[in-house]
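Protein chains: 2
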Amino acid sequence: MHRRVKILGSGAFLPSRKVRSEELAKELGLEKDRIEKMSGVIERHYVEEETTSQMGAFAAQEALKNANLKFSDIDCIISTGGTIEQIVPATAPLIKEAMGEVESKIPCFDINSTCLSFITGLDVISYLIEAGRYEKVLVVSSEIASKFLNSKQLESYALFGDGAGAAVIGKSESGDDSKIIASKMETYIKGVHLTEIRGGATGLHARNYSNETKEEFLFDMDGPKVFKLARKYANDFIEQLLTEAGLKKEDIDLLVGHQASGSAMKLVYNKLLGFPSHKVMNILSNHGNVVAASIPLALNEAIKQKKLRRGDKVLFFGAGAGLSFGGIILEY
Amino acid sequence: MHRRVKILGSGAFLPSRKVRSEELAKELGLEKDRIEKMSGVIERHYVEEETTSQMGAFAAQEALKNANLKFSDIDCIISTGGTIEQIVPATAPLIKEAMGEVESKIPCFDINSTCLSFITGLDVISYLIEAGRYEKVLVVSSEIASKFLNSKQLESYALFGDGAGAAVIGKSESGDDSKIIASKMETYIKGVHLTEIRGGATGLHARNYSNETKEEFLFDMDGPKVFKLARKYANDFIEQLLTEAGLKKEDIDLLVGHQASGSAMKLVYNKLLGFPSHKVMNILSNHGNVVAASIPLALNEAIKQKKLRRGDKVLFFGAGAGLSFGGIILEY
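Residue numbers (my numbering), protein chains in the order written: chain A, 1 to 332; chain B, 1 to 332.
Chain A with its partners taken away, still in its complex shape (with noise of 0.2 Å):
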């Protein structure tokens, strides 16, 4: 079913602390190109002092601004990413504090699917809009990843980054043609245990952290594992997808991806599902994989950089820790 939603702005913060791959193979030991190789990124940002929801706010408020609106004008606050700022309250609300927004009653909540936040939020909040519960929504997707890195664990440690992507959804105005064409996500529990960060909530708590349980606290991903599903459900979940949008994948403008990895999104994006590079939105190399804020960041790159102009047809699609698969395909 078609839902009569548009992306009216997009907004981006990043971390001024840049870090190059070279500098982390030297802090590791390792060749000056080891890291950049492997991940196919060339530099991302970590935090100094930024927080989840000031980040937010920053891209929430350039998203705004591109969008031509007030934050009176918006009336919900989803916050889409996968590494939580507390474990209570949610993220949104301290989004919305971190915005100065301390008098407004718009409702804060969170919609979380790990890598997937972005898109899965998108999905869910383009029915609200439809039906006309909500008139505009921030979404806002803005990750700490830097804090759960492990150094033993080399392919996701040369992998992420930190920062923010943001973007105000609306219904399209009558005459309008932007609506989300199609929209789909599965979970494949033979991954739940692929991509994770066990501790810190109520599985273990920190006051079992240790020297012995340390790892525990930090990522642990098994890259291989992860692409062989992904590879196994891509072209199936994506044919899907396309038949039930009445499309061909020649139709779509513009794939907008998750950042999940260079040889993933090569591999993935271009061998198995046959986009061609030009089709296909990398920002890989200068951001890392910023979790659920790789597609937000890479949607507010492509406008700015007017490779997605209004009336492409645009792939969203991604796979996120669970292990799920998500995907939309909107008219911007």
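It is possible that some hints are incorrect.
Said to hold, decoys possible - With a straight-line cut-off of 27 Å between C-alpha atoms, the simulated BS3-like cross-links for lysine-lysine are:
| id | chain 1 | residue 1 | chain 2 | residue 2 |
| --- | --- | --- | --- | --- |
| 1 | B | K105 | B | K171 |
| 2 | A | K228 | B | K105 |
| 3 | B | K105 | A | K105 |
| 4 | B | K105 | A | K266 |
| 5 | A | K70 | A | K171 |
| 6 | A | K65 | A | K313 |
| 7 | B | K171 | A | K171 |
| 8 | B | K171 | B | K232 |
| 9 | B | K179 | A | K171 |
| 10 | A | K105 | B | K171 |
| 11 | B | K190 | A | K105 |
| 12 | B | K228 | B | K171 |
| 13 | A | K65 | B | K190 |
No lab work stands behind these hints, which were simulated from the structure alone. Quantities reported herein were computed from a predicted structural model and do not represent experimental measurements.
We have chain A; now place chain B onto it with these hints.
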């Protein structure tokens, strides 16, 4: 806007370990009845070996059974808990795994507004069911509050318990009057720091756990201030929700509210909002405040005790960290 959705079944799970208020009082060197008097809780459950996802799975299985459905009838699982199991992935995939459904591809994601999560989840997913995106959805709130209790904060220490509640939500068949009549959510940022578990995620990583910081990883709740804010906004909130529903307070057959605390329930539900005690579902005394699981647990008891019958108008209402209010008026 009405959404033609129906609660098809509900389920509950409580850990086997019961903890009486006398025990807690003794442990803290207080008068025997002090904990019970201040909280209104006689006994609550604490987990021993049970995990968040296991408890959620048990409650979900019971909800399926009570709805006369099989897992294969379900096409989405939402976890709506405030105390998550892991930082990554979300809790919903872990619940699907705990249900043993390894081959299932149905999507699993989390919706989080702390104590309000069940209401927010039910509210949000009703639009997707109304639109035909999903047919039957498991909404599961599973909470382990006991791992975050701080014996220096008597109010919350006295109050919280563990457990899980779940419901299966589906589309109303034609000729069936079950529906959501109205719903509403607001977030008041003045209350954003009044209920917190600050540590465990990006705000304060577990590596910062120490004897000096340990309370940052536990509940920090300013009950009197939450209550003051709640009292300020509750009446207007409920009046607006009733107006949207075209109903009067007297039309509500049962209030299934968050089991916040004995005094809050009496002062807000009875005195401030004017619902007589026999119309207020109260499971506090033998459950405690079970965070987001309070409402589905109270719903399950209301159905079991036949306090809620088909055709009744039920008001779900609660406050959650944020501080947020959420409410749904539903014809059961």
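So, going through the hints one by one against the coordinates:
For the hint pairing B/K105 with B/K171, the CA-to-CA distance comes to about 21 Å; that is within 27 Å, so the pair holds. A threshold of 27 Å between alpha carbons decides the hint, and for A/K228 with B/K105 the separation of about 16 Å falls inside it, so the pair holds. Between the alpha carbons of B/K105 and A/K105 the distance comes to roughly 37 Å, so the proposed pair goes past 27 Å and is violated. Annotation: proposed proximity of B/K105 to A/K266 holds, straight-line Cα distance about 25 Å (limit 27 Å).
The straight-line distance between the Cα atoms of A/K70 and A/K171 is roughly 16 Å, inside the 27 Å bound, and the hint therefore holds. A hinted pair counts as satisfied when its Cα atoms are at most 27 Å apart, and A/K65 with A/K313 qualifies at roughly 24 Å. This hinted pair checks out: B/K171 and A/K171 have alpha carbons roughly 25 Å apart, not beyond 27 Å. Under the criterion of a C-alpha separation no larger than 27 Å, the hint pairing B/K171 with B/K232 is inconsistent with the structure, at around 36 Å.
With a C-alpha separation of about 25 Å, the suggested pairing of B/K179 with A/K171 holds against the 27 Å cut-off. The straight-line distance between the Cα atoms of A/K105 and B/K171 is roughly 31 Å, outside the 27 Å bound, and the hint therefore fails. Our distance criterion of 27 Å between C-alpha atoms is met by B/K190 and A/K105, whose separation comes to about 10 Å. A hinted pair counts as satisfied when its Cα atoms are at most 27 Å apart, and B/K228 with B/K171 does not qualify at roughly 38 Å.
Distance check on the hinted pair: A/K65 and B/K190 sit about 25 Å apart at the alpha-carbon level, within 27 Å; holds.
Against the hints set out earlier in the document, violations occur for numbers 3, 8, 10 and 12.
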